[in-house]
Amino acid sequence: MNDFSELENDLRALRPARPSPVLFERIEEAMGEDRKVAADTDSGWSWRLFTSIPLRFGIGLAAAAAAVLLLFMRINTEQTQNRGKDTAQVSPRGSETTRGVPGVSGSTSPSAWASSNKFVPAGATQVVYNERDEGLQFADGSRRPLRRVRYQTQQTWQWRNPTTGASLRVSYPSEEVVLIPVSGQ
Amino acid sequence: MGPGLLLFARQWTRSAADAEDIVQEAFVKFWRRNHKINNRALLYATVRSIALDFIRRDRRRARREATAFAEADPTIEPQFEWEDEAQSALATAVGCLPHDQREVLVLKIWNELTFSEIAGALGISQNTAASRYRYALASLKKNLQPQ
Numbered sequence: 000m001n002d003f004s005e006l007e008n009d010l011r012a013l014r015p016a017r018p019s020p021v022l023f024e025r026i027e028e029a030m031g032e033d034r035k036v037a038a039d040t041d042s043g044w045s046w047r048l049f050t051s052i053p054l055r056f057g058i059g060l061a062a063a064a065a066a067v068l069l070l071f072m073r074i075n076t077e078q079t080q081n082r083g084k085d086t087a088q089v090s091p092r093g094s095e096t097t098r099g100v101p102g103v104s105g106s107t108s109p110s111a112w113a114s115s116n117k118f119v120p121a122g123a124t125q126v127v128y129n130e131r132d133e134g135l136q137f138a139d140g141s142r143r144p145l146r147r148v149r150y151q152t153q154q155t156w157q158w159r160n161p162t163t164g165a166s167l168r169v170s171y172p173s174e175e176v177v178l179i180p181v182s183g184q
Numbered sequence: 000m001g002p003g004l005l006l007f008a009r010q011w012t013r014s015a016a017d018a019e020d021i022v023q024e025a026f027v028k029f030w031r032r033n034h035k036i037n038n039r040a041l042l043y044a045t046v047r048s049i050a051l052d053f054i055r056r057d058r059r060r061a062r063r064e065a066t067a068f069a070e071a072d073p074t075i076e077p078q079f080e081w082e083d084e085a086q087s088a089l090a091t092a093v094g095c096l097p098h099d100q101r102e103v104l105v106l107k108i109w110n111e112l113t114f115s116e117i118a119g120a121l122g123i124s125q126n127t128a129a130s131r132y133r134y135a136l137a138s139l140k141k142n143l144q145p146q
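As you go down the protein sequences, you meet chains A and B in turn.
When the letters of the first sequence are read in order and numbered with numbering that gives the first Met the number 0, they come out as residues 0 to 184.
When the letters of the second sequence are read in order and numbered with numbering that gives the first Met the number 0, they come out as residues 0 to 146.
If you're looking for bench data, these hints aren't it; they were derived computationally from the structure.
Where a beta carbon is used, it is the ideal one built from N, C-alpha and C, also for glycine.
Treat the hints with caution; some may be incorrect.
[Unchecked claim] Simulated DEER-style distance windows between Cβ atoms: (1) Ala-129/B x Val-119/A: 16 to 26 angstroms; (2) Pro-180/A x Lys-140/B: 28 to 38 angstroms; (3) Val-119/A x Asn-142/B: 31 to 41 angstroms; (4) Thr-127/B x Lys-117/A: 49 to 59 angstroms; (5) Ser-115/B x Thr-163/A: 46 to 56 angstroms.
[Stated by the list, open to error] Stretches of chain A that chain B covers, calculated by requiring three or more beta carbons in the stretch to come under 8 angstroms of a beta carbon on chain B: (6) 2 to 8; (7) 159 to 172.
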């Protein structure tokens, strides 16, 4: 195989054409649509998916985005609960079902509002759409070279309300530089 | 992974757009079945399976592709970004390889799969994968030698 090593190097230097910039968006969109259908038929599938995807890059940013989103949803839920209490007495449904005893009906109680506003994780994707080798470098005080690789990804997180069917999606680009130690030969 | 995967899909299509459709469908299928993304052999096998389905879906296209593969039509060649004449000649030579050798070469060089993974993706033995790779390199070397 050694007599082909030069040819192999030449082949590796030949770069395949890059995918169109919209490809990863199309894939993400198609996965989102597919996930919506799958979630309707198997509610457990989406959660397994959420935990099984290996998240190699940008996990800190993703976690921060998720935390902010969950905080937002909690605030939103509390506001909705309070609004539910206020409006239960005047809602047409409450007046019909309880016949003048608003707030007694299970459908308008605060706990019902809370359960209907619960979002569960429905999926996470990370599409690495560009990987660039930026060459070798030496870290401060180190004699060992490091290979600098820049990854550009598109992260998407999705939550779904199993009661109402509403879904929430956060998608953002992220970029990460990884330094890989290079062993001497 | 993106450019290499697209290049692999590109072998069954004339246009990059068709190859992108195949890659998209493969990702969705892979995702739907909840496979682990690090199972590369299965991912490439999925791309290959969808590419073949893609061809079968359109009989007219299938006839065109079958004829093209039989004749090793050089117009169905992987797409590369070359920087000089030498790379252009190399890309053309790769495009002229027999299909079974070219797909092994594409998986080995531009997707960095092991022979074991290539065997899994293509449904062949490791020895067959390795020998097709060697034949491909030998053929390229012969074609690129100055006359």
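How the hints compare with the structure:
no.: 1; hint: Ala-129/B x Val-119/A: 16 to 26 angstroms; in the structure: 48 angstroms, violated
no.: 2; hint: Pro-180/A x Lys-140/B: 28 to 38 angstroms; in the structure: 34 angstroms, holds
no.: 3; hint: Val-119/A x Asn-142/B: 31 to 41 angstroms; in the structure: 58 angstroms, violated
no.: 4; hint: Thr-127/B x Lys-117/A: 49 to 59 angstroms; in the structure: 54 angstroms, holds
no.: 5; hint: Ser-115/B x Thr-163/A: 46 to 56 angstroms; in the structure: 48 angstroms, holds
no.: 6; hint: 2 to 8; in the structure: holds (count 3)
no.: 7; hint: 159 to 172; in the structure: violated (count 0)
Going through the hint list in order, the structure does not satisfy hints 1, 3 and 7.
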